[in-house]
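*Asks:* Letter by letter, the chains look like this.
There are 2 protein chains.
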Amino acid sequence: MKVVIVGGVAGGATAAARIRRLNEQAEIVVFERSGYISYANCGLPYYIGDVITDRSDLTLQTPESFFSRFHVNMKVRHEVTAIHPEKKEVTVKNLETGEEFEESYDKLILSPGAKPTQPRLPGVGLDKLFTLRTVEDTFCIKDYINANHPKSAVLAGGGFIGLELAENLRELGMDVTIVQRPKQLMNPFDADMASFIHNEMRKHGVKLALGHTVEGFEERDGGVDVLLKDEQPLHADMVILAIGVSPETTLAKDAGLELGIKGSIVVNDRMETSISDIYAVGDAVQVKHFVTGQDALISLAGPANKQGRIAADNICGGDSHYTGSQGSSVIKVFDMTAATTGVNETNARKAGLDVDTVILSPMSHAGYYPGGKVMTMKVVFEKATYRLLGAQIVGYEGVDKRIDVLATAIRAGMKATELKDLDLAYAPPYSSAKDPVNMAGFMVENIANGVLKQWHLEDADRLPRDGSVTLLDTRTVEEFAHGHIDGFFNIPVDELRERLGELDKRKPVYVICQSGLRSYIACRILAGNGFDCYNFSGGFRFYDAVTNDRCLIESATACGMDRA
Amino acid sequence: MKVVIVGGVAGGATAAARIRRLNEQAEIVVFERSGYISYANCGLPYYIGDVITDRSDLTLQTPESFFSRFHVNMKVRHEVTAIHPEKKEVTVKNLETGEEFEESYDKLILSPGAKPTQPRLPGVGLDKLFTLRTVEDTFCIKDYINANHPKSAVLAGGGFIGLELAENLRELGMDVTIVQRPKQLMNPFDADMASFIHNEMRKHGVKLALGHTVEGFEERDGGVDVLLKDEQPLHADMVILAIGVSPETTLAKDAGLELGIKGSIVVNDRMETSISDIYAVGDAVQVKHFVTGQDALISLAGPANKQGRIAADNICGGDSHYTGSQGSSVIKVFDMTAATTGVNETNARKAGLDVDTVILSPMSHAGYYPGGKVMTMKVVFEKATYRLLGAQIVGYEGVDKRIDVLATAIRAGMKATELKDLDLAYAPPYSSAKDPVNMAGFMVENIANGVLKQWHLEDADRLPRDGSVTLLDTRTVEEFAHGHIDGFFNIPVDELRERLGELDKRKPVYVICQSGLRSYIACRILAGNGFDCYNFSGGFRFYDAVTNDRCLIESATACGMDRA
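Just so you know, the sequences run in chain order A and B.
Under full-length UniProt numbering, read the first sequence as residues 1 to 564, first letter to last.
Under full-length UniProt numbering, read the second sequence as residues 1 to 564, first letter to last.
For the record, the hints were derived by calculation from the structure and aren't laboratory data.
Take these hints with a grain of salt, some might be off.
Pairs involving identical chains hold if they fit within one copy or between any two copies, as the list cannot separate such chains.
[As the list claims (entries may be wrong)] Capping the alpha-carbon separation at 30 Å, the derived lysine-lysine pairs in DSBU-like fashion look like this: (1) K183 to K151; (2) K115 to K128; (3) K2 to K505; (4) K183 to K507; (5) K453 to K2.
Quick caveat: nothing in here was measured; it's all calculated off a predicted structure.
Just chain A, with the same shape it has in the complex (with noise of 0.2 Å):
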């Protein structure tokens, strides 16, 4: 058997070794078009913020380690120009010397990944404007750095690519701003949970042009003005586009192979394409969404090395499935930790769910133990069945440990109430008692029990302020002059039972508090004494967090930019 296997990252080079492994005798030969194989596509911004330091860290593996340990004959530099479905032949092209050849396969691996989405705009081929994907793309990044030390950088795209990079450019002293039409950083996260990222990167002198419609570049004084649409243009010493990634598929649709959603391949859950004997994984595949059913793009690292390792399985004659991807994933934010799974709000609204919510702000760990964090936690759930639908997180430690804990419950098909009886492991460095996932749980059971009932932000301004329903604040005298939503009035919880005659019963009373636990307890004593009652899911402390950006973004000079 020969295996042919276009691309030689992720999903491609873990597929050639799970091969290998299974079928000793099997011919495999490698075509990447860089000049690295197997290497760490997700450390790349960190090789230009200097948190990485050795060139060779970058590259996992190296042509001669890899066929040494697995007799596979990576060949770099090598384009695939074309697939001959009837012929079972691909075209390869040698990119050092053009020589061009034929190569036959039993069995072919497409696994080309995805290309940083390239604007259509004037000026976008100037030199000092880049890119990141590959590892030459790192340094030549690295390298007009180093030469040239530019002090500023714009960076158009907001997403892993863009936040990654912006901190590692702060992090070399640079002044770095991110511009781009969405009003949210982070499109995986609903509005709401982004601020919070957008609080922590401007924290860290990041500025956030959000809103704001890149027309085009052009040179001036030494660098590039970016051009906006109805805006001065803003200026910097170079520019990186990290708008986004589209799935690499000429060659696949040259070939006449069915394609999806932004031209992906279409793929079964054995990883076959349409034509027999073609196989595809990683960036460049459309996939099931794991949680809403719908065909999805996620291109992530952890699906693509999952789906190669499937790929070559089923061509060494086993029946591995791919169950779906759910979109779990993490990002370094500064000192921050923000991570997601599943679907947020927005995209299960628009998937067509009715979903509710719950926002909490629980510790990293016990309270009483040094160096505890507060993270803020939202939950999304289906309403009518409770199943577990998604979950985003900010903060600092323990983030990724809680995500990873609910992304296992949703892979499990729990239900969000089910999340209370999770036993998980506590001692005072790790946890609380009551861990933040529990916490959850208890919270959504409460819903269930109707023993909870929820206001939320988007109810903030649409209360009426006529005197119809009481608007009521439980936190302390000090933490309500402080600062309060307007029309808000205060009695602190625990004087609420002695002065219950300040309320009027025949009034619904909407309570907030700083992080939600207080007026939880406040409306249980309300509800006790016979008044209908709702909880602010999140508590001032969201409500506030949440205001203060967007109000920042819509007011586009507090946000400091610079204008050229």
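Given chain A, work out where chain B should sit, using these hints.
*Replies:* Okay, now just chain B, sitting in the frame of chain A:
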């Protein structure tokens, strides 16, 4: 409704607060024998070690704060001395005044906890012998240390409290020895995994006297001699007994409640005892082990809190059920973290389960990102069904995360093979594209598919050295020279294909490398060439750590223990 609760710590305090939240009118009285309520049981050792420096941090609530928030009457220094189910009363003794009185109840919750096991040995009453369970015990030890500046301590017992005390006393600069009859610390772990804990303790100067029977205590030279069977005594300035805990159930027994293991209180899954209107929660109750289904005693704060909430729900007309404990726990051991969930191999076999295990040594996060550390993970599963039964991890960063993911998978009833499908969040600072938990799943799936056959630690000495089998070490020549198992010979994995002629195809091959990965690849090369091949689960790294530890335990002098 009037609810009386015996015990105001974890389960009792949780129940009181929950009942109030569900019922504003109920009368709730809590009797707590000690002077403190709702205290941070698990934080006490850290107060002794000056990690927690403020006494008030140890008590999450005071009777006053609890009353003002929950209108619960918290009576500290009040001991319930008898229950009279027939007239629904308890007899209470005010420990301050000596006064006794009767208190009626509609519903009674017992949350008496557990008491430190006191061995019946000569000298147990000496005033330099301490136990640690309550806030008072903690202040007692701390005051003794502050006043007398002891230079050395012997801890009798190597469970959670013993280890946490050992660490905290070492942090104070004391000379610390742990003595106990079992030859391993931390019995929730298998002996092989406990070796890593032993090694870390020794590395930080804690002396381990394992396999020694304490026969009594004698005052001598201003300190205490700890008398050992058939050996010279240990001497120290103070001794702490941390042998374990026993359910505090004299009350329940006298009241005629049905008792279980070690006199624990038998409850159903609604936390109801054998007598109506009496509930029990926490360390004093017998639970169902979630994995084995057997009756068990599991003294942990997480279950106690959950049970308190469930009892409260049911008392207030709800229908909540406790789904069983799985013993998830984690402990900080100096720089290391050790965690476990479900059953270990030893207990699974005792429970009559036919089990297999995989042992792996993955990095906490991507190797190319700075700061990653190796962890040792052991996953236990049922042979026939691949049901996930338990896991143990020792290491540094990220250990608590993986144990909680595995705990969630166990709770969800996942098979060990399904761990490969978990969609976990990856970025270089947090994980690898193939998370350690995924890796465990890959290994188990390889076993299920016949791709991987293993040999285990207990086979190491048993394997014949008569030439009837091939014993192969596939590490580099340098690694092999630095240490290897007697009888093994060396072919580095990358030379294996060229040197196959040196091996006899008729003999089974037992392969080892450093971590188990290269030997697995070697096994696949050999299997592909017609050999019958077995991989050592854990690698030489594991073998070496365990055998060195065992050697030290057997040769007491090598432990460097002080002899009187």
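*Asks:* Indicate, hint by hint, whether the structure satisfies it.
*Replies:* Quick rundown of the hints versus the structure:
With identical chains, the CA atoms of K183 and K151 are at most 30 Å apart within one copy only, with a shortest distance of 26 Å there and 62 Å across copies. In this assembly of identical chains, the alpha carbons of K115 and K128 lie at most 30 Å apart only when taken from the same copy (19 Å versus 71 Å across copies). When the C-alpha separation of K2 and K505 is checked against a cutoff of 30 Å, the pair qualifies only between copies, where the shortest distance is 26 Å, while the shortest distance within a copy is 78 Å. Taking the closest pair of Cα atoms, K183 and K507 never come within 30 Å of each other, the shortest separation being 37 Å inside a single copy and 67 Å across copies.
Within a single copy, K453 and K2 get their C-alpha atoms only as close as 62 Å, which misses the 30 Å cut-off; across copies the closest is 27 Å, which meets it.
Checked against the numbered hints listed earlier, the structure breaks hint 4 alone; every other hint is satisfied.
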